[in-house]
Amino acid sequence: MARDSLRIAGLRELQRNLERIEKTSTRKAVLRRSLKKAAQPMADLAEQYAPVLSGDLSEGIRIGTQVVNEAGRAAYARTMREGGDKAGAVSAMRDARRAAKASGQASDVQLYLGPSKDSFYGKFQEFGTVHHAPDPFLRPAFDREAQPTVERLKPILWEEIEKSVARVAARKTGG
Numbered sequence: 008m009a010r011d012s013l014r015i016a017g018l019r020e021l022q023r024n025l026e027r028i029e030k031t032s033t034r035k036a037v038l039r040r041s042l043k044k045a046a047q048p049m050a051d052l053a054e055q056y057a058p059v060l061s062g063d064l065s066e067g068i069r070i071g072t073q074v075v076n077e078a079g080r081a082a083y084a085r086t087m088r089e090g091g092d093k094a095g096a097v098s099a100m101r102d103a104r105r106a107a108k109a110s111g112q113a114s115d116v117q118l119y120l121g122p123s124k125d126s127f128y129g130k131f132q133e134f135g136t137v138h139h140a141p142d143p144f145l146r147p148a149f150d151r152e153a154q155p156t157v158e159r160l161k162p163i164l165w166e167e168i169e170k171s172v173a174r175v176a177a178r179k180t181g182g
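Using our numbering, read the sequence shown as starting at 8 and increasing by one per residue.
Don't take each hint at face value.
[Claimed, not checked] Each computed BS3-like pair below joins lysine-lysine, with the alpha-carbon atoms no more than 27 Å apart:
#, residue 1, residue 2
1, K179, K35
2, K179, K108
3, K43, K124
4, K30, K44
5, K108, K43
6, K108, K30
7, K44, K124
8, K35, K170
9, K30, K124
10, K170, K44
11, K35, K124
12, K43, K130
13, K35, K108
14, K161, K30
15, K44, K130
16, K43, K170
17, K170, K108
18, K108, K93
19, K179, K30
20, K44, K161
21, K30, K43
22, K108, K161
23, K30, K170
24, K35, K161
[As the list claims (entries may be wrong)] Distance ranges between label pairs, derived from CB positions:
#, residue 1, residue 2, range
25, K35, D150, 25 to 33 Å
26, M87, Q154, 36 to 44 Å
27, R19, R88, 32 to 40 Å
28, G181, A153, 28 to 36 Å
29, R27, V75, 19 to 27 Å
30, R27, Q55, 37 to 45 Å
31, A173, P147, 36 to 44 Å
32, K108, G71, 17 to 25 Å
33, Q73, D150, 32 to 40 Å
34, N24, T136, 44 to 52 Å
35, G181, K35, 23 to 31 Å
36, V74, D51, 23 to 31 Å
I should point out that these hints are in silico values taken from the structure, not numbers from a laboratory. Small disclaimer: the values here were computed from a predicted structure and weren't measured. Ideal placement from N, C-alpha and C gives every residue a C-beta, glycine not left out.
Generate coordinates for the entire structure from the input sequences, incorporating the hints supplied.
This is how it looks when you write it as structure tokens:
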């Protein structure tokens, strides 16, 4: 599927508060939950726009998140370019990811919204084929909901950060 992306900038205060969460895994979980909550109305709209024959396509629209760390991918590619074997490249990738994690290098969390693997034919519906004209349902939902999703994300992310910080504080005090 085509990749459209939105980059959210100017969230320094949220970033500082996110850094109050000590564990990297908890930070990523906060980002994942926030992104999914903010994007749910976009998914709902895509379900409404999806053409209905059996209903499987509209039921197959999913929201997923993925943590992306480019350090590992770059190390893998470098090893393969230099003539290394796949096992060596995987080892280099793991080492690079561990080094990035130890140094506190930031990872990105990406959001996926689209048809599930079982609804693979959604891309044919969206973009068309030689014998079938396109009948887009994801792009109109993205166009209509992209900016509102960004606006929803800010308060949702703030709330998730506060909840997580409160949970950590409660655990530390034994309450």
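Q. Are the Cα positions of K35 and K170 separated by 27 Å at most?
A. Within the cut-off at roughly 14 Å; holds.
Q: Given the hint of 19 to 27 Å, check if R27 and V75 actually sit that far apart at their C-beta atoms.
A: 23 Å, holds
Q.
Within 32 to 40 Å: is that where the Cβ-Cβ distance between R19 and R88 falls?
A. At roughly 37 Å between Cβ atoms, R88 and R19 fall inside 32 to 40 Å, so the hint holds.
Q.
Does K30 sit within 27 Å of K161, going by the straight-line distance between their CA atoms?
A. 21 Å, holds
Q. Given the hinted pair K108 and K43, is their alpha-carbon gap at most 27 Å?
A. 24 Å, holds
Q: Given the hint that K179 pairs with K30, test it: the Cα-Cα distance must not exceed 27 Å.
A: 14 Å, holds
**Q.** Agreement of K108 and K161 with the hint, judged by alpha carbon distance not exceeding 27 Å
**A.** 26 Å, holds
Q) Has the given pair, K30 with K124, been kept, meaning a C-alpha gap of at most 27 Å? A) Status violated; Cα separation ~32 Å.
Q: Compare the distance between the alpha carbons of K35 and K161 with 27 Å, and conclude whether the hinted pair is satisfied.
A: Cα-Cα ~15 Å, so holds.
Q | Outcome of range test on Cβ distance (Q73, D150; 32 to 40 Å) | A | This hint is violated: roughly 23 Å between Cβ atoms.
Q) Is the hinted pair K30 and K44 satisfied, with a Cα-Cα distance of at most 27 Å? A) 21 Å, holds
Q. Does the hinted range 36 to 44 Å hold for A173 and P147 at CB?
A. Taking Cβ atoms as reference, A173 and P147 lie about 39 Å apart, which means the hint holds.
When held up to the earlier numbered hints, the structure conflicts with 9, 28 and 33 and fits the remainder.
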